[in-house]
Structure formats: structure tokens, C-alpha cells
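Each residue of the sequence shown is one higher than the last, beginning at 298 in my numbering.
Watch out, some of these pointers could steer you wrong.
As the list claims (entries may be wrong) - Each pair of labels, with its calculated beta carbon distance range:
| hint | residue 1 | residue 2 | range |
| --- | --- | --- | --- |
| 1 | E695 | G617 | 39 to 45 Å |
| 2 | A638 | P756 | 38 to 44 Å |
| 3 | E357 | N678 | 35 to 41 Å |
Said to hold, decoys possible - Restricting the straight-line Cα-Cα distance to at most 30 Å, the calculated cross-link-like pairs of lysine-lysine (DSS-like) are:
| hint | residue 1 | residue 2 |
| --- | --- | --- |
| 4 | K680 | K631 |
| 5 | K631 | K705 |
| 6 | K478 | K400 |
Because the hints were derived from the structure by calculation, they are not lab data. Glycine included, every Cβ here is placed at the ideal spot set by N, Cα and C.
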Amino acid sequence: MIAAAAAAVLAAGALADTALPPVQVESGPLAGTTRDGVDRYFGIPYAAPPVGELRFRAPEPPVKWEGVRQAASFGSVCRQTVDWMKAPQSEDCLFLNIWAPAKPGKYPVIVWIHGGGFFGGSGTQSGPDAGNGIVARDVILVTINYRLGVLGFFAHPELSAESPTKASGNQGILDQIAALKWISRNIAAFGGDPGRVTIVGASAGASSVALLSMSPAAKGLFQRGIAESGGAGNLPLQADAEKRGQDFANALSAPHIADLRKLDAETLLKAPWEIEPNIDGTTLPGNMAASYSGGWHNNVPIITGWDGDEGVDLAPEAMGGKPITLAKYQGFVKAAFGPQAPTIFKVYPAASDAEAEPAAYRLMTDMIGFSAFFWGTQQVNAKAAPAYVYFFVHRPAEPATPCTYSCKAGHGSEVKYAFHQLAFDPRVWNADDRAIENEMTGYWTNFAKTGDPNGEGPPKWPLFDGTPASVNVVGMDAEIKERGAFPDFRPYLNLGQ
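Kindly produce the complete structure, drawing on both the sequences and the hints.
What follows is the structure in C-alpha cells.
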């Protein structure tokens, strides 16, 4: 009992935050807290609340406040159709959070763009200690919210007409750009270097990194990018997105934007909406291949890669859930690849239900891998900034309860390693896990500092040259040997994405 009481006291002491003197940002003075060598500033508005007449519009500048704003707690999560966060949701959600070293300096900045399929997630899902491990490597971590689902990616002819750029449907991407602009203007007040900003994201966050790299509206707002398990892909044209938006509005008997702004968020979120950005000609002027052929607007060094067991998580999502039957698998391939489906069936054959699931897993893993390989290859072919490509095959220690997502080297499994967050997961981590964590955190923070993942600590990472041999396979020796070579994607590059 005495030992337990002592542990409780120590835990309480470790969690005690100390108030910091106010920091001046453009909207007013901001008071954060500090603990364990990390300064924290949470729930900072980087744009005006996108409510009322501002619903569906591009973000407006943040509202100035009177007096000192307390920044000790997170702001609301953006409205969404899932409840992963178990946190209050609101349309008033355009907040960012900062973790910075307590010691003075001029630090590189990592901006985390969360995943969640553009319909879920938030910048607070890793909790208030999310930045502790990575900030200890002398970087600043910023996480952001951005609008999701129909509130973040709704296009409509009237909405385009009222926009100065005559575009709509990319509000969530414009939110990300507004956050980057805020960081550029204000991060120096927290010890950050606005000339060394690295944007990082996984899944939909990785797609956001790719889209921001293509966007002229984001030019100069970041100097490096890291995309984990995701790319830009091919997006619909503005006209198609507007047509879907008009059909959506008509189905709700709210054909005009003024009508839609009067509806409650629950009604909007319950209605089906195909969530994706669109090629609007201004924020996003083209798809990945076209953008490369014309030169990317943000030619910056990139890290991009994928996980060895992506398909374990993604194939059931894409193919109507488990079990993955032969009919489900064949239907997905025909819908996704059209006239190229016979080629896919030759490379990933399945003649029964028993063979369909492993074939689907391999296909989905390689689809994500091809996206990363394609991006890196395009960067090489364009003689653009350096690219570093990885393949994460390390299989984390199993949790005490059955694993339901990111099992094995599943989708996004490397994120907790790169951000030095194993301590927040209660499973029993082994020495291999700790070694991989130090390796990945080293790569990410070295890259944020210099644009090169190599430096003191992790093994040498070769510059990607368009060949499989230049992909950094991350895992322990036995895991790498067991995995074997991944498919050579080069013969398929001319097929596009």
C-alpha cells in the first residue's frame, strides 16, 4: 500500500503543469504551460470559426481576443461521422497545438497533419504528451485540426461563384494552408524557425502532404515533406465535384448554399457524401503525374514510404469488410482497375475464397507501396529535390488485448515509432521495438533539421534513385530476411496511378 501511494504521488507530480508567461501572437497574448522540459500551447485558433455564413467558405483570419488567452487545453474536434476521439465536436474547430523545447533556441518545426480518410481524426488524438519524445530531439511539434467530410470537402456551383477564386470543395486543404500561414507568421514567438518547416502526415495526412506539395497556394510555407502510407492519386475535376454537390443539396431539399447553411450539422453529416478533394484549378491545379510533368509548385525534399502489412487494415475497408470473398476481391479489382484488371489478376491470382484474402492483402499493400515508389520516381525523373523512400516491415510487439487495427506492420504502424510515442501504448515493448523507435525518430528529426534523414544515430539511408535497392527497408535483420524483396514497381510506372 505504501509503494502504491508513493507511486500515485510521483505520478501526480509528473503530471503537474507550471504556467508560462504570456507569449504574443497576432491575435493577442497566449498563456501556455510547461512540464518535463516541454512548453505546451493548446487550442490556438489559427482561423475564424467557420460557422454561420462562413460554413463551406475558405478560412478567414483568426479573431483577435481581449486579455490573455489560456492555452492549457485542447480545442474542440472538428465535426465528423466517427467518434474516435471521445472528445467534444464542433464546427468551431480550427485550432492548432504546439509542443516546444523549454530551453531557448531556434528550432525546426514539424507540422503533423492527421489522417482519417478526410472524414475523421484530429490533431489531438495522441493526447497532451504527444510531443514529449520528439521535442526532446530539439524540434517543435505542431498538430492541426482541419474541416472534414461534407463540411471540409463540399463543392457546389453557388459556392464556387461566391469564392474569389471561383472554386470550392477543398476547404479542408485551405484550412491546412491557413494553419501553415499562421505558423509562418507566429512560430518564431515559440522558438521556431519558419524557414525549416516540415509537413508530416499518414494516410489522408500523407495525401495532404502530396496535395500541398502540388498546390501553388502553399508555395514557400514548408521546406520538406514526409508522407507515410499515402499519396495524391487521381482526383475528380471541379465540375464533377460541383455536380455531386448540387445532387447532394437537392436530395436534402436545400438546393441553394443559403439553405444548406441553415441546416444543422447532424443533418449534413448523416447524408451520404463522397469525400475527396478536387482539381479546382487554383488550390489544386492538377493530378500527381500532370503536376510533375509541369513541375511541382513546392519542390522540396521528401520522405515517402509504406508498411509491410498495409493490406491487413485497408483491404477489408476497401472490399466491404471481412471475410474477403473471391466475389468481393474480383469486384474491387474490376472496379478499381477497369481494363487493367486482367493484368492485376495475373500478378495477384485468386481462384477461391481461401485465396482471395491473402491476394487482397498483397494487392492493397502494393497499391500503397506503388504510390510511394511512383512519387519518389517522379521526383527523380524530374531532377527535383531529393527523395528518400522507405518500406517499414517491423512488426510491433502484440498488445495485451487482441489487435484490431495496425496489426503486424499495418497501416500507420510506423507513426508511433517516428514520433517516439511507444510510451503512450500500454503493451510490453521489447528491445527491438525500442531500437526501431530510436532509429525512426532519428530519421524524422534529422530530416526536419537538414532535409536529410542521415546523421548521428540511425543507419545510413540511401538517396532514392528510382531502383528497389535504394529503398530503405526498416526492420530487424530477421524481419527483413523473412519479408524478402518487395515487387519491382518499375514495369508499372507507365500505367500511372
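Violated constraints from the hint list, given by number and in increasing order: 1, 4
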